[in-house]
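Asker: Using the sequences and the hints given, assemble the complete structure.
Note that UniProt numbering has the sequence shown beginning at 1, numbered continuously upward.
In short, the hints are calculated from the structure, not lab data. Yeah, the Cβ is synthetic: ideal placement off N, Cα and C, and Gly gets one too. Hints are not guaranteed to be accurate.
To be verified - Derived Cβ-Cβ restraints for the label pairs, each shown as a range:
#	residue 1	residue 2	range
1	ALA454	ALA208	50 to 58 Å
2	ALA468	LEU246	21 to 29 Å
3	GLU262	ASP737	33 to 41 Å
4	SER646	PRO299	52 to 60 Å
5	GLU399	GLY70	51 to 59 Å
6	ALA518	ALA664	34 to 42 Å
7	ASP727	SER465	56 to 64 Å
8	PRO400	ALA454	16 to 24 Å
9	THR434	GLN212	42 to 50 Å
10	ARG812	GLU262	55 to 63 Å
11	ALA529	ALA625	41 to 49 Å
Unchecked claim - Calculated lysine to aspartate or glutamate pairs in the DMTMM-like style (CA-CA distance at most 25 Å, straight line):
#	residue 1	residue 2
12	LYS145	GLU211
13	LYS284	ASP296
14	LYS284	ASP437
15	LYS284	GLU244
16	LYS284	GLU436
17	LYS284	GLU318
18	LYS284	GLU262
19	LYS145	ASP199
20	LYS633	ASP549
21	LYS633	GLU578
22	LYS145	GLU226
23	LYS284	GLU479
24	LYS633	ASP660
25	LYS438	ASP278
26	LYS145	GLU155
27	LYS633	GLU237
28	LYS438	GLU318
29	LYS438	GLU244
30	LYS284	GLU430
31	LYS145	ASP133
32	LYS633	GLU497
33	LYS633	ASP593
34	LYS284	GLU250
35	LYS145	GLU173
36	LYS145	GLU652
37	LYS145	GLU237
38	LYS633	ASP271
39	LYS145	ASP102
40	LYS145	ASP648
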Amino acid sequence: MSQACLPPRATARLQLHAGFTFGHAAEQVDYYAALGVSHLYLSPIFSARPGSTHGYDVTDFRAINPELGGEAGFYRFAERAREHSLGLVLDIVPNHMAASADHNPWWRDVLARGEQSAYAHHFDIDWHSSDPDLHGRVLLPILGKPYWEALCGGELTLRIDARAGQPVVCYGEHALPLADETFDPATAASLPARLDGHDAAGRARLHALLEQQHYRLAWWATAADELNWRRFFEISELVGMRVEQLSVFEAIHGLVLQLFREGWIDGVRVDHVDGLADPAAYCKRLRAHLTALAPDRPPARAIACPWLVIEKILAERETLRADWLVDGTTGYDFMNEVACVLHDGAGTAALTALWQEMSGDTRHVQAQVESARSRMLSHHLVTEYEGACRRLHACARSEPASRDLTLASLRRALAALLAPLQVYRTYFSERVPTREDKAALQHAADAARARLAATDLPALARLLSWLADPAGDSMALREARTRVQQLMPPLAAKATEDTVFYRYGRLLSRNEVGSNPATLAVPPEDFHARMAQRAQAWPNAMLATATHDHKRGEDARMRLAVLSELPEAWAEAVRLWEMRCRPLLARLPCGPDGADRLMLYQTLAGAWPAGLEPGHAQGVSAFLARMQAWQLKSIREAKRHGSWTSPDIAYEQGCAAFLDALGADTSAGGVLGQIARFARSIAVPGAINSLTQTLVQLTAPGVPDRYQGTEGWDLSLVDPDNRRPVDFEALRAQLADTSGWPEWLANWHDGRLKLQLIRSVLAARRVNARLFAAGDYCPIALVGPLAVHALAFGRRHGQEQALVVGTRLAARLSERDRPMLAPAQWRDTALQVAHRLNSRWVEVLTNRPLVAREGRLALAEVLEMLPVALLLRTA
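Answerer: Quick look at the structure:
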């Protein structure tokens with residue numbers, strides 16, 4: 001691997017929006033350069049809906065978002081990054097755009113011209129819907145009430161657009177175009193200043209005009225059942241793209257590839273690759289374009305080889321397909337792996353018992369996932385599910401051998417097959433099916449047969465043959481297979497991450513994107529096996545521990561992981577709080593049920609800010625405001641007591657009142673004070689977990705990504721909490737601090753300890769780039785009485801060697817006020833470096849020389865000053 005082709009050394013994710021533009025990002029370039037990353041990894045930069053806080057609602061792939069500073073702002077920022085030897089990586093969104101007539105020119109043209117638009121097939125629209133009212137039309141579910149009510153109420157009006165001089169239909173902030181053939185411009189002069197449905201004549205005229213358009217205005221609630229275009233998950237403001245078509249691919253990626261060719265960016269992160277019709281073909285095409293352009297890049301600006309990572313959720317035993325030609329995933333799989341090894345499996349039974357006691361729910365997680373999947377198909381993803389079923393039924397009718405399969409039987413068979421599917425999606429296409437796809441489908445099919453009636457088994461058998469045997473496919477069958485597989489990712493995400501993760505609360509640190517809550521922990525040997533595989537197959541994949549989509553901040557998860565070590569103490573504390581809350585609950589007309597209370601207690605304890613005293617009124621108030629926002633989102637996502645579209649206001653108000661009542665008593669003996677005290681009791685071992693997690697992320701095989709602001713303690717909650725403004729001035733001051741490890745350790749609450757660990761390890765990565773980018777991974781054996789309480793591995797490249805050591809499962813061993821184990825605690829526990837060999841090392845964090853005698857390094861020496869260590873061999 002040549003120096004020019006090394007992958008990014010480390011990235012830092014920045015969330016750009018109107019409040020944090022290219023100009024603001026440019027001001028932090030020197031900070032990130034000093035921190036030690038090699039690349040800034042940007043959220044989408046292309047034109048998006050005005051006010052977008054995330055950039056995924058793209059309105060124009062051909063322009064850089066003016067709210068971020070536009071093209072000029074981007075180039076100034078990119079120049080400044082290059083001046084500090086920082087490259088750029090872009091997050092791109094090929095799956096969808098904003099369905100906005102006001103801001104998306106492609107979408108507006110489709111609404112004006114229908115299937116005759118040059119962009120009609122850029123979007124994933126079913127122009128030949130089985131609904132005759134939508135044949136050749138687009139359903140536009142933007143109305144806040146049923147169509148006729150909105151029309152009769154005068155909410156729909158016909159006006160002349162002053163800028164374009166063309167008539168438009170106005171509804172709220174929307175201005176919708178009219179088809180040229182339905183409105184004679186010559187009559188525009190006779191148009192009243194305002195034509196609406198307040199009177200019968202105006203109503204009839206406007207309704208007749210609307211009926212002639214290439215779209216049908218509809219109540220928002222119709223979207224789930226009747227939408228005739230693919231959307232992103234349940235979001236009817238985002239329309240799917242047909243990027244599998246070469247012309248669409250080129251239109252979407254033109255500017256991205258231009259920026260790459262010019263040397264301004266070094267790679268891309270592809271959002272939601274599983275939403276595409278053929279992810280494998282897409283990734284290969286994008287890789288081919290990047291590779292073809294690489295030789296033309298200016299050497300002075302191109303500081304890394306083309307890097308391509310994809311947002312892909314992998315199941316526990318699923319592997320990324322090597323033939324996709326990507327560098328790896330964006331790191332949710334690593335986030336899960338490093339978290340698992342820092343939990344204690346011994347706590348499983350006690351935590352499960354507490355959950356069942358509080359919730360009254362004894363079901364396994366998988367049963368809850370399958371139940372949630374069934375609900376999603378019947379209530380939320382109806383249009384996607386029914387569309388797939390109708391296509392399957394049409395295929396059945398086209399063959400004499402299957403024409404007796406009814407639409408209803410195919411619905412039941414498909415629902416039964418999708419409910420137990422344990423991967424995000426399968427990838428059957430015209431190519432030879434893979435062993436992984438066959439195995440995933442077979443597992444789901446076995447479960448489906450057990451739940452289906454005998455009369456539905458032929459439908460299941462035919463469905464399996466259509467999915468898994470692509471030989472001789474018709475175009476209709478290929479389309480049906482694609483629709484079934486494109487349904488899988490939103491079903492998986494919405495049922496698990498956005499439903500079960502808010503319903504099942506045994507231990508919330510395991511309810512994270514890319515994780516399986518059923519698996520509480522894994523032993524170190526399993527972790528080592530995964531890392532060794534990663535070094536062999538995916539050495540350039542991204543390593544994440546925090547993202548813009550995480551459910552809990554990386555350090556909140558590590559604090560909650562301590563509960564797996566202390567399940568009895570946790571259960572005792574919860575039962576005490578429950579006893580004290582009984583009078584409060586009795587006074588409330590409605591309050592949180594046991595499941596929601598246990599999840600609330602965990603969230604309070606996990607996110608309680610370091611150093612916050614219960615009596616600090618302002619601080620507690622700000623914290624509880626964040627908790628109220630989390631609680632409301634949790635209730636609606638769980639869909640047990642209402643949902644976003646049909647909220648249970650009484651229950652939500654009762655839960656808010658319960659949290660308010662907890663906050664009203666700030667005495668040390670109040671429940672909130674007790675929760676704060678418990679949070680403090682697990683904060684030290686939680687911080688040890690965090691430091692180990694951070695060190696492992698920065699040294700394991702792959703490219704570590706630091707999410708903005710998480711250089712300090714990250715106790716954030718799910719978005720929008722995890723996208724709050726970053727206090728860069730405070731981080732700058734901490735980075736510049738030279739007090740030293742004893743001071744940082746003694747004052748660990750302020751976050752300097754974690755930030756200085758990141759800076760130090762990234763500095764070592766810079767000096768030893770090949771070792772960490774291309775080095776082998778070697779598990780290091782631990783011997784002695786506390787061997788289970790450490791995690792160690794080596795990296796080797798040629799003569800270069802590193803040892804990485806972290807403390808784990810320290811809840812019963814750590815010092816009370818510092819995230820450390822006293823050196824004497826380790827006794828004669830040691831690292832088994834090499835058999836009967838002496839070797840010399842330097843611990844690079846503290847700059848201490850160490851000697852391994854007869855192949856052993858004593859942990860009492862290695863971890864004398866910090867709970868983690870990074871050693872480089874010197875002789």
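Asker: Sort out whether ASP549 lies within 25 Å of LYS633, counting only the CA atoms.
Answerer: Holds, at about 14 Å.
Asker: For the pair supplied as a hint, LYS438 and GLU318, confirm whether the alpha-carbon distance does not exceed 25 Å.
Answerer: 12 Å, holds
Asker: Do the beta carbons of GLU262 and ASP737 sit within 33 to 41 Å of each other?
Answerer: 38 Å, holds
Asker: Using the C-beta atoms of ASP727 and SER465, is the stated range 56 to 64 Å upheld?
Answerer: 58 Å, holds
Asker: Straight-line Cα separation of LYS284 and ASP437 no greater than 25 Å?
Answerer: Holds - the C-alpha atoms of ASP437 and LYS284 are around 19 Å apart, at most 25 Å.
Asker: Hint check: LYS145 vs GLU173, CA-CA at most 25 Å. Holds or violated?
Answerer: Holds, at about 15 Å.
Asker: Compare the distance between the alpha carbons of LYS633 and GLU578 with 25 Å, and conclude whether the hinted pair is satisfied.
Answerer: 23 Å, holds
Asker: Range first: 34 to 42 Å. Now tell me if the beta carbons of ALA518 and ALA664 are that far apart.
Answerer: 37 Å, holds
Asker: Holds or violated: LYS145 with ASP199, Cα cutoff 25 Å?
Answerer: This hinted pair holds, its Cα atoms lying about 19 Å apart.
Asker: Indicate whether the distance between the beta carbons of THR434 and GLN212 respects the range 42 to 50 Å.
Answerer: Between THR434 and GLN212, where Cβ atoms are some 49 Å apart, the hint holds.
Asker: Going straight from one Cα to the other, do LYS284 and GLU262 come out at no more than 25 Å?
Answerer: Distance ~21 Å between LYS284 and GLU262 Cα, so the pair holds.
Asker: CA of LYS438 to CA of GLU244, is that 25 Å or under?
Answerer: Holds - the C-alpha atoms of GLU244 and LYS438 are around 24 Å apart, at most 25 Å.
Hint violations for this structure: none, all hints satisfied.
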